[in-house]
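Student: Using the sequences and the accompanying hints, generate a full structural model.
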Amino acid sequence: MTEVAKQAGVTRASLYKSLAEGGNPRFETIVKIVEALGCKLVVS
4 MTEVAKQAGV TRASLYKSLA EGGNPRFETI VKIVEALGCK LVVS
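If you read the sequence shown in the working numbering, its first letter stands for residue 4, the second for the next number, and so on.
Just so you know, not all the hints are guaranteed correct.
[To be verified] Label pairs and their computed distance ranges (CB to CB): (1) 47 with 16: 30 to 36 Å; (2) 47 with 9: 18 to 24 Å; (3) 15 with 42: 16 to 22 Å; (4) 42 with 5: 15 to 21 Å; (5) 15 with 44: 19 to 25 Å; (6) 5 with 47: 29 to 35 Å; (7) 17 with 43: 20 to 26 Å; (8) 20 with 47: 27 to 33 Å; (9) 43 with 9: 15 to 21 Å; (10) 4 with 31: 15 to 21 Å.
[What the hints assert, rightly or not] Under the rule of at most 27 Å between Cα atoms (straight-line distance), these lysine-lysine pairs were calculated in the BS3-like manner: (11) 9 with 35; (12) 43 with 9; (13) 20 with 43; (14) 35 with 20; (15) 20 with 9.
Just so you know, the hints here were simulated from the structure itself, not pulled from any lab data.
Since the model is a prediction, treat every value here as computed from it, not as a measurement.
Just so it is clear, CB atoms sit at the ideal spot from N, CA and C, and this is done for glycine as well.
Tutor: Structure below.
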């Protein structure tokens, strides 16, 4: 999780908070996390 947070440009605490139940992350945060995991998010 530490490396994912670093790659996403967010703190480890905010990453956990965003992904926790009821976290309500911003869309841009989700995109950063997805990219940090080496994935691509496609909306069609």
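Student: Compare the structure with the hints numbered earlier in the document and write down the numbers of the violated ones, lowest to highest.
Tutor: 2
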